[in-house]
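A.B. asks: Given these sequences and hints, build the entire structure.
Residue numbers (the working numbering): 159 to 380.
What the hints contain is simulated information worked out from the structure, not anything from laboratory work.
No false leads were slipped in.
Calculated lysine-lysine pairs in the DSS-like style (CA-CA distance at most 27 Å, straight line):
| hint | residue 1 | residue 2 |
| --- | --- | --- |
| 1 | K253 | K364 |
| 2 | K364 | K320 |
| 3 | K320 | K272 |
| 4 | K253 | K370 |
| 5 | K364 | K272 |
If you anchor each label on the Cβ, the simulated ranges turn out as follows:
| hint | residue 1 | residue 2 | range |
| --- | --- | --- | --- |
| 6 | G292 | T318 | 16 to 26 Å |
| 7 | R289 | K370 | 39 to 49 Å |
| 8 | R252 | E214 | 18 to 28 Å |
The C-beta atom is built at its ideal place from N, Cα and C for all residues, glycine as well.
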Amino acid sequence: MEKKPRRLLHESDDPDSSRPDSPAARQALALAGVFQAASLVDELARTGQVDPRAWETLIEATVDTNPESFEAIYGGHPNNLRRGLDTLEALVGRKQANPVVLRYGFSLLLLMNKLRTNSDMMDSLGQQLIRIQGQAEHFGTTHENVIASLGEAYQETISTFKTRIVVQGDPSLLQSRMMPERVRACLMAGIRFGLLWHQQGGRRWKLVFQRKALRRALDSLS
Numbered sequence: 159m160e161k162k163p164r165r166l167l168h169e170s171d172d173p174d175s176s177r178p179d180s181p182a183a184r185q186a187l188a189l190a191g192v193f194q195a196a197s198l199v200d201e202l203a204r205t206g207q208v209d210p211r212a213w214e215t216l217i218e219a220t221v222d223t224n225p226e227s228f229e230a231i232y233g234g235h236p237n238n239l240r241r242g243l244d245t246l247e248a249l250v251g252r253k254q255a256n257p258v259v260l261r262y263g264f265s266l267l268l269l270m271n272k273l274r275t276n277s278d279m280m281d282s283l284g285q286q287l288i289r290i291q292g293q294a295e296h297f298g299t300t301h302e303n304v305i306a307s308l309g310e311a312y313q314e315t316i317s318t319f320k321t322r323i324v325v326q327g328d329p330s331l332l333q334s335r336m337m338p339e340r341v342r343a344c345l346m347a348g349i350r351f352g353l354l355w356h357q358q359g360g361r362r363w364k365l366v367f368q369r370k371a372l373r374r375a376l377d378s379l380s
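C.D. replies: Listed below in structure tokens is the structure:
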């Protein structure tokens with residue numbers, strides 16, 4: 159019997175009027191997490207700084223291996239994913255797009271699909287994230303020990319694929335202390351949200367053929 163990949167993210171089906179109540183809205187929020195990660199990777203590589211709220215949302219989502227609900231993954235408010243939602247507005251043609259961020263985002267979706275079909279790697283990564291969650295509970299979610307562990311987990315799993323994300327930016331910044339780990343932690347967050355997007359029914363072909371549905375979902379989250 160084929161071994162099913164480990165589910166790295168939990169989603170709740172418990173209905174609540176205050177929650178995203180359509181598959182399209184949930185897909186949009188999960189996809190926003192992917193592109194928020196892509197945006198922060200670009201920002202880190204160019205400036206060495208990130209928006210604290212956007213950063214904490216990504217890292218907290220990544221180390222929480224058993225959230226209470228779908229909404230708990232991103233802290234319960236769509237504005238925690240505002241950077242990613244704004245990038246999706248560019249994806250559907252409403253805002254000026256940053257081609258580097260879009261490239262990172264679509265590369266993350268490609269890598270997510272490779273991971274999703276590799277059950278051994280999914281199991282290994284799932285165990286690593288459980289261990290890192292324990293670190294986060296001890297040190298704090300964004301402590302550098304946690305970030306270093308996330309970066310190491312990414313390097314030992316996703317980075318072993320032939321397809322890799324080549325990050326462009328200021329070479330001196332990219333080589334500075336903890337910067338490689340921070341970038342990889344962001345990329346890991348993008349993978350996590352990519353898995354969530356797929357679990358919620360997200361598919362790449364929908365981004366081409368069902369853009370109106372994505373636009374409506376973005377309107378409902380604005």
